[in-house]
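K.L.:
Residue numbers (the working numbering), protein chains in the order written: chain D, 1 to 95; chain C, 96 to 190; chain X, 191 to 285; chain L, 286 to 380; chain Y, 381 to 475; chain U, 476 to 570; chain V, 571 to 665.
For the record, the hints were derived by calculation from the structure and aren't laboratory data. On a predicted model such as this, the values are computed, not experimentally measured, just so you know. Misleading hints may appear alongside valid ones.
Heads up, simulated SDA-like pairs for lysine to any residue below, C-alpha to C-alpha not over 20 Å straight-line [to be verified]:
#, chain 1, residue 1, chain 2, residue 2
1, Y, LYS383, D, GLN29
2, U, LYS478, U, ALA506
3, C, LYS98, X, LYS193
4, C, LYS98, X, ALA221
5, Y, LYS383, Y, GLU421
6, C, LYS140, C, GLN111
7, L, LYS288, U, ALA506
8, V, LYS573, V, LEU609
9, V, LYS615, V, ILE644
10, C, LYS98, X, MET191
11, D, LYS3, C, LYS98
12, V, LYS573, Y, GLU404
13, D, LYS45, C, GLU123
14, L, LYS288, U, LYS478
15, Y, LYS383, Y, GLY451
16, C, LYS140, X, LYS193
17, C, LYS98, C, GLN124
18, X, LYS193, L, GLU315
19, X, LYS193, L, GLN310
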Amino acid sequence: MAKIRRVVLDVLKPHQPNIIPFTEQLTEQEAVTGVTSKLVEIEEKVRTIRVTIEGEDLDMDAIEARINDLGGSIHSVDEVSCGQEVIEDPWLANG
Amino acid sequence: MAKIRRVVLDVLKPHQPNIIPFTEQLTEQEAVTGVTSKLVEIEEKVRTIRVTIEGEDLDMDAIEARINDLGGSIHSVDEVSCGQEVIEDPWLANG
Amino acid sequence: MAKIRRVVLDVLKPHQPNIIPFTEQLTEQEAVTGVTSKLVEIEEKVRTIRVTIEGEDLDMDAIEARINDLGGSIHSVDEVSCGQEVIEDPWLANG
Amino acid sequence: MAKIRRVVLDVLKPHQPNIIPFTEQLTEQEAVTGVTSKLVEIEEKVRTIRVTIEGEDLDMDAIEARINDLGGSIHSVDEVSCGQEVIEDPWLANG
Amino acid sequence: MAKIRRVVLDVLKPHQPNIIPFTEQLTEQEAVTGVTSKLVEIEEKVRTIRVTIEGEDLDMDAIEARINDLGGSIHSVDEVSCGQEVIEDPWLANG
Amino acid sequence: MAKIRRVVLDVLKPHQPNIIPFTEQLTEQEAVTGVTSKLVEIEEKVRTIRVTIEGEDLDMDAIEARINDLGGSIHSVDEVSCGQEVIEDPWLANG
Amino acid sequence: MAKIRRVVLDVLKPHQPNIIPFTEQLTEQEAVTGVTSKLVEIEEKVRTIRVTIEGEDLDMDAIEARINDLGGSIHSVDEVSCGQEVIEDPWLANG
C-alpha cells in the first residue's frame, strides 16, 4: 500500500495532558519524523488543536489509538499526502 | 500523446472510505508519484475533497475508474498540466 | 522575429472535449514544452479556462488553429513574454 | 550615462496589431533581452497593456518610436531601473 | 521521549524586567539555541509577549520555572514542534 | 562614519525631466550601484515618485543636490539602511 | 549572558537630526553590523521611526544612551532576538 507521508488532523483534546506532552507522545509513534501542533480554539472542557505529522510511512491506526489513549479524538482529517514524496497543492505552493 | 504531469480534481465522495485510504488507493495507480487530498466541505451524505495528483504520465481513465470504484465521482477537473515539465501559471507562481 | 516564450490565454471551450484532452492536444504542438490549464468558470454551454503555454518559440497561428479545431476560441491574450528569457513583471515577481 | 536595465510602461494601443506581434516587435529592439506584456483593460477603441522591458542598456527613444509606429502611445512610465543591476524596492522585494 | 524543537508561547509579564533581559534570561536555559520575543499588547499592569524558543531538546519545566521567576506566566502554548526536525504546517509553509 | 547602503526617498518632481532621465541622472552619482524609481501619483504640476537607491557608501548631500538641480525635492526619507550590509525589517523580510 | 542578535525599536525622535544621520550614528555603536530605519509617522514636533538593529552582541545600554543623546527616546521594544542565531517566529517566517 502507498506510504502515508503527512497528515493534518483537527483534534479535540481535554485540557490535560497539555499540548506539549500530547505532541511528544504522538512523536514517539513508529515512523514519525516530526509533529507540530497548533492551538486553534479553547473551549470550556476541550481544546481544538491542528496537528501536522510527517513520517516515512505513518501508521494511522496506531496514531489514532494513541490520540484516544490521551483522551483526545480526531475530529477530521484535513489533509493527507501519500506516495514517494509530499505533493503540494499548486494553489498553496505558489500562492 | 503529451504526458499528463499533474491534475487537481474536485471530488465528491461518501464518508467511507475516509480520506486516508481513499488517497492511498489513488496513489497505488500506475505512474503516480504522489497524491495530496484536502478536505473542502462536509455535507450530510458526502464530502468534497480537492485532490492533487502528480506523476510521470498519469492514466486518467484508470484514476477516474478507481475514484468511482471507491464510491466517489469527479465533480470537476480544476487544473491540468501536461508536457515535459509542470508549467506554473505566472500569476500564481509569482503572486 | 523575437521568440515567444510564454502566453497566457483566456479560452472559451465547449464542455467536450474536456480540459484534459484539450490540454494534451495543445501540448502536442511543435515547440511547446508544457501547458497548464485552469478552470475559471462553468456556464451552460461553455467553460472558460485560463491556459498557460511555455515553449522555445511558440507558433501562435498553429496554437490558435488547434484551439479552434477543438471547438474553442481565444477570448483574450492575457499575457505574452518574448525574448531570450521570460521577464517577470516586478510587481508580481516581488509582491 | 547610466544604463537603463528595466522599464515598466503603461501603454495605450489599438486593438490591432494584437498584443503578441506588438510584444514581438518591441523585443526586436536593440539591447532588449525580454518583454512581458499584460492586458490591463479593454475599451471600445483601445487596450491598455502593462509592458515590462529588460535589457542591458535600453534605448528609450527607439522603444517609444517603435510603440508609436505600432499605433500605440506611452501613457505613463510606471517604473524605471538604472545602474549596474536592477535594485528592487524593499517593500516589494520583501513584502 | 521525543525531543522538543520549538515552542511558541503566549506569555504575560510585568513591565519589569523589560522584554530584553526577559528574553536574554530565557536564552540562558540549557539546550536553547535562540529566542525571539515580540510585543503583542501593553496593558496597565502587564504586557503580553509572543515568545518563540528553539533548541535541540527544550526543558519545558525549566523554561516555565524561569518565566515564573521573572514574574511572568505562560498564558497558552500556541505551537509546539517535536521530533527529528521541525515540521511546518503545510498551510503556513506554502501560503 | 557608517556607510549608507540604501535609501528610499519620497520625491516631488516636475513633469519634466521625466522619470527616466531623472533616474539616469541619480544613478550617475558616485558610489551608486543602482536606482529604481516608481511613479506614485500624478498631480497637475508635480509627480510623486518613490526612489530606491543602493550603493557602497551613498553621498546624500550630493544626491539631494542633484535632485534639486533636476527641479525636484525630497519630501521625506522613508527608509535608510546603514552598516556592513542591508538589514531587513523582520516583519517585511518574512511577511 | 545570552547574546542579543537583533532588536526592533519603536523610536520617537525630533525632526532633527533627520533619519539618515540618526541611523548612521546608531550604526557606529560597537557590535552593530547594520541598522535599517523606516519612517512610520510624522507629527508636529516628533517623528516615529521603526529601527531594526542587528549585530553580534548588541549593547542595549549604549544604544539607548545614543538614542537619547540624539534627542530621541525608545517608545517600545517591539521585538528582540537572542542566542546563537536569530530565530524567526514561525507564523511570520512561513506566512
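K.L.:
Taking the hints in turn, state whether each one holds.
P.N.:
Hint check results:
Our distance criterion of 20 Å between C-alpha atoms is met by LYS383 (chain Y) and GLN29 (chain D), whose separation comes to about 13 Å. Proposed proximity of LYS478 (chain U) and ALA506 (chain U) is supported: the alpha carbons are some 11 Å apart, at most 20 Å. Distance restraint check for LYS98 (chain C) and LYS193 (chain X): the Cα-Cα separation of roughly 24 Å exceeds the 20 Å cut-off, and the hinted pair is therefore not satisfied. The hinted pair formed by LYS98 (chain C) and ALA221 (chain X) meets the criterion: a straight-line CA distance of about 15 Å does not exceed 20 Å.
The suggested pairing of LYS383 (chain Y) with GLU421 (chain Y) is violated, with an alpha-carbon distance near 31 Å, which exceeds 20 Å. The suggested pairing of LYS140 (chain C) with GLN111 (chain C) holds, with an alpha-carbon distance near 10 Å, which does not exceed 20 Å. At most 20 Å may separate the alpha-carbon atoms for a hinted pair to count; LYS288 (chain L) and ALA506 (chain U) meet this at roughly 15 Å. A threshold of 20 Å between alpha carbons decides the hint, and for LYS573 (chain V) with LEU609 (chain V) the separation of about 28 Å lies outside it, so the pair is violated.
In summary, the hint linking LYS615 (chain V) to ILE644 (chain V) is supported, as the alpha carbons are separated by about 16 Å, within the 20 Å threshold. This hinted pair does not check out: LYS98 (chain C) and MET191 (chain X) have alpha carbons roughly 30 Å apart, beyond 20 Å. Using a Cα cut-off of 20 Å, the hinted pair LYS3 (chain D) and LYS98 (chain C) is violated, with the two alpha carbons roughly 24 Å apart. For the suggested pair LYS573 (chain V) and GLU404 (chain Y), the alpha carbons sit about 7 Å apart, so the restraint of at most 20 Å is met.
Restraint check for LYS45 (chain D) and GLU123 (chain C): not satisfied, since their Cα atoms lie roughly 41 Å apart, outside the 20 Å limit. Of the supplied pair hints, the one linking LYS288 (chain L) and LYS478 (chain U) is violated, its CA atoms being roughly 24 Å apart against a limit of 20 Å. Proximity of LYS383 (chain Y) to GLY451 (chain Y) is assessed by CA-CA distance (about 27 Å); at most 20 Å being required, the pair is judged violated. Among the hinted pairs, LYS140 (chain C) with LYS193 (chain X) is inconsistent with the structure: their alpha-carbon atoms are about 53 Å apart, more than 20 Å.
Using a Cα cut-off of 20 Å, the hinted pair LYS98 (chain C) and GLN124 (chain C) holds, with the two alpha carbons roughly 16 Å apart. The suggested pairing of LYS193 (chain X) with GLU315 (chain L) holds, with an alpha-carbon distance near 14 Å, which does not exceed 20 Å. Between LYS193 (chain X) and GLN310 (chain L), the direct Cα distance comes to roughly 10 Å. Compliance with the 20 Å bound is thereby established for this hinted pair.
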